[in-house]
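Knowing the structure of chain A, use the given hints to seat chain B on it.
Here is what each chain is made of, one letter per residue.
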Amino acid sequence: MPHRPGRPPSDADYTEFVHASWASLYRTAYLLLGDHALAEDLVQTALAHTYASWRRVRALEAAPAYARTALVNTAASWFRKKSWRNERLSGVLPEPGYERDPSDRPALVTALRQLPPRQRAVVVLRFYEDLSVAQTATALGCSEGTVKSQTSDALAKLRSLLGDAVVPHTLGAQHD
Amino acid sequence: MTDRLATLLREEADRLLVPAPAAEAVLARGRGIRRRRHLGTGAAALAVVAALGVGFALTTGGGQGRAVDPAGPATGHGAVFTLGTTVYYDGGAHHVSIDDKAIKSTYYTSVGLLVRHGNNNASDGGGPQRFSLVTPDGDVQHVSVVTEETVPGVDPRQPYLAYTEVTDGTVEVVVHDVATDAEVARVEMPGHFRWGGWSGPPVALSGDIVYVGTNDVTRTVNWRTGEIGTTDNVPRGYPDVDGGRTVAQDDQEHEVIDVATGKVLLTIPPQKYGFVKLSPDGRFATIDAGDGTSFDVYGVDDGTKVTLDGGSFDYGWSPDGDLFTVRGHHVVTCSPATAECTTGSETIPSEGGGVAPDDLRYGNQTFES
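Each protein sequence line maps, in turn, to chains A and B. Those letters in the first sequence? Residues 1 to 176, per the numbering used here, in order. Those letters in the second sequence? Residues 177 to 545, per the numbering used here, in order.
If we strip away everything but chain A, and leave its shape as in the complex, we get (with noise of 0.2 Å):
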C-alpha cells in the first residue's frame, strides 16, 4: 500500500528506510566524530528523531534531509556541551574503523582527529557535505565569520600535517 503523505510510515517503510539511509548517514557521522559507538548512536538519534517529527517530514521522499539535518544538528549539540569538548580533547584517539592499509590515506583520517570537534565539523560539513559557509554556520548554530576562521585554522592544521599537496596554501575561507 502506498504511504500517504503526512500519516506516520509503516514500520516495515520506516525500517526500508533506515536501512537505505543508515550507510551514508553513519559515513558523515564517522567522520563528524570519529567513533564508532558515537556515530551510530548519532545516527540512531537522527532516524528516531526523524520518525518521531513525521508532522513536519510529512513524507518518506523528504525523510533523507530531513535525517541529514537532524545529524548535523545532534552533532552540533554535542559538539557545544563543555563535557564533550573535555572528553574529545583528552587525547583519545579512537581507531579509524577499517583495517589499516600501508597508503597514504590513514593520513587523513589522523590528521582529523586532531582537529577540535567544531574544526572537524567545519572541515567534514563544507568539503564533504559540500556545505557552504552560510549553510555550515547555520548548521552548526554560529556566525559566518566563526566558520571562515575555523575553516582557516582547520586547513592550516590540515596542511601541517598532510601537505600541500593535499591543502594547496590558495585554500581558506573563501570556499563557498
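Treat the hints as calculated values from the structure; they're not laboratory data. There's no promise every hint is true.
To be verified - When the alpha-carbon atoms are kept at most 25 Å apart in a straight line, the in silico SDA-like pairs for lysine to any residue are as follows:
no.	chain 1	residue 1	chain 2	residue 2
1	A	K148	B	R186
2	B	K439	A	L115
3	A	K148	A	D164
4	A	K157	B	D190
5	A	K157	A	S132
6	A	K148	A	L115
7	B	K439	A	L108
8	A	K157	B	D179
9	A	K148	B	R191
10	A	K148	B	A182
11	B	K439	A	Q114
12	A	K157	B	R186
13	A	K157	B	D478
14	A	K157	B	R191
15	A	K157	B	P411
16	B	K439	A	R113
17	A	K157	B	L192
18	B	K453	B	P411
19	A	K157	B	K453
20	B	K439	A	P116
21	B	K439	A	S132
22	A	K157	B	A189
23	A	K157	B	E527
24	B	K439	A	L161
25	B	K453	B	S511
26	A	K148	B	T183
27	A	K157	B	S511
28	A	K148	B	K439
29	A	K148	B	D478
30	B	K439	A	T110
31	A	K148	B	D179
Note that the coordinates shown come from a computational prediction; the quantities given were computed from them, not determined experimentally.
Leaving out everything else, chain B in the frame of chain A:
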C-alpha cells in the same frame, strides 16, 4: 582547489565498515520521543540525564519546553539514587518502583538507568542478579539477562551490558543490548579465571572494548570485531574504566591513565587510607583525606582541586557530572568544579520498599568487594 581534500574525505568514508542498520532500535527510540511529546503537562515527569558527552537518559513526559534527547551525549541533570526498591531521579522529584525484593546496584546507560536487583541487596553472594531498564519514558522494562556472582560493565554512552560466563572452563564475553533486550555479541576468549570468587572474570566496558580481569593479565575484547588482546594500561585484577580512563595506584602515587594510550593524565598524592575513584565520565577523580573528614575532587584534565566535607562514598555522581548526597530528607548537589552545594526542595522518605527498605544507594555505584 578543494578537490583533493574532498576526494580523500570521500575515499575515507567509502572505506568505512558500516555496522548493520539498527532499525528496531531506531523505531523504539522514535516511539519513545513521540510518546513523550504527546504526554500532557503534569503527566509523569521529565528528567533527561546524561553524563559527559556521555549519556544516560532518564525521562518522563510532562513538562513543557525542556529539551529532550533520549540518549547519547545530551543535556541532563539531577541526582539518581535508589531507596529500597524505589528508583529516584531528577533530583528526587520523580520515582518508579522495581518489582523485586531488593536493588543491588544501578548503571547509567545511553537508554536509561539499568537496575540490577534480586532477592537481597548483596552484590557478592547474593544469588540471582536480575535486570530492569528504567527507560526515558519512566517505564520499567524487563531485561532478560540473569547473572550470578558476576561483575558487569557498562559504558554510559552506550546501551550495552557486558558480562562474562564460564562454560566448562571457557570464558565467554557477552554483550547485551538492553534497549532491544537482545544479545549482540558473544566472544570466546583464552585464559583462565580462578580469583575473586566470582563465577566469571569481572569486566569493564569502554567504547567497543570489553576489559576482562583474568588471572594473569587484563585482556581486551573488541566485541564488534572479536579481536582479542591484552593491555598493560588497565591494572590487573578488577578492571575499572570510566570515560576511557582508569586508575593505577600504589603506596607511592596514584595515576589516572588514558586506557587507549597509556598516557598518565593526572598524578595524585597518596593519602593515608584513601584510594582514587573516578566519576562515571572519567572527568573527575576523588580521594579521601586520611582522617576521613573530607575528600578532594580533582579535575583530571586540568588538575584543579576542590575539597568537600565527608567521605567520597557518601556521595554519588549524577549522570551529568555533579556530586550529590542525600542528607536528612533532602538531596544536596555539589559542583565538582567549585564545591558549591545546593539543597533540593524535594522531601525524600525514609523507606522505599522491599526487604531492605531503608537501603540508600547512589546511581552508578557498585558494591563488589
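Right, here's what the structure says about each hint:
1. A:K148 to B:R186: 22 Å, holds
2. B:K439 to A:L115: 19 Å, holds
3. A:K148 to A:D164: Holds. K148 (chain A) to D164 (chain A) sits at ~19 Å (cutoff 25 Å).
4. A:K157 to B:D190: Measuring from Cα to Cα gives roughly 24 Å; hence the hint holds.
5. A:K157 to A:S132: Between K157 (chain A) and S132 (chain A) the Cα gap is close to 21 Å, so the pair holds against 25 Å.
6. A:K148 to A:L115: 15 Å, holds
7. B:K439 to A:L108: 23 Å, holds
8. A:K157 to B:D179: 18 Å, holds
9. A:K148 to B:R191: 29 Å, violated
10. A:K148 to B:A182: 17 Å, holds
11. B:K439 to A:Q114: 16 Å, holds
12. A:K157 to B:R186: Distance ~20 Å between K157 (chain A) and R186 (chain B) Cα, so the pair holds.
13. A:K157 to B:D478: 24 Å, holds
14. A:K157 to B:R191: The hint holds at about 24 Å.
15. A:K157 to B:P411: 36 Å, violated
16. B:K439 to A:R113: 17 Å, holds
17. A:K157 to B:L192: With Cα atoms ~24 Å apart, K157 (chain A) and L192 (chain B) stay inside 25 Å; holds.
18. B:K453 to B:P411: 14 Å, holds
19. A:K157 to B:K453: Answer violated: K157 (chain A) to K453 (chain B) is near 36 Å, above 25 Å.
20. B:K439 to A:P116: 19 Å, holds
21. B:K439 to A:S132: Distance of about 39 Å is beyond 25 Å: violated.
22. A:K157 to B:A189: Judged against 25 Å, a Cα distance of about 21 Å means the pair holds.
23. A:K157 to B:E527: 58 Å, violated
24. B:K439 to A:L161: 22 Å, holds
25. B:K453 to B:S511: 17 Å, holds
26. A:K148 to B:T183: 21 Å, holds
27. A:K157 to B:S511: Given pair K157 (chain A), S511 (chain B) is violated - Cα atoms ~35 Å apart, limit 25 Å.
28. A:K148 to B:K439: 34 Å, violated
29. A:K148 to B:D478: 29 Å, violated
30. B:K439 to A:T110: 18 Å, holds
31. A:K148 to B:D179: Roughly 18 Å separates the two Cα atoms, so the pair holds.
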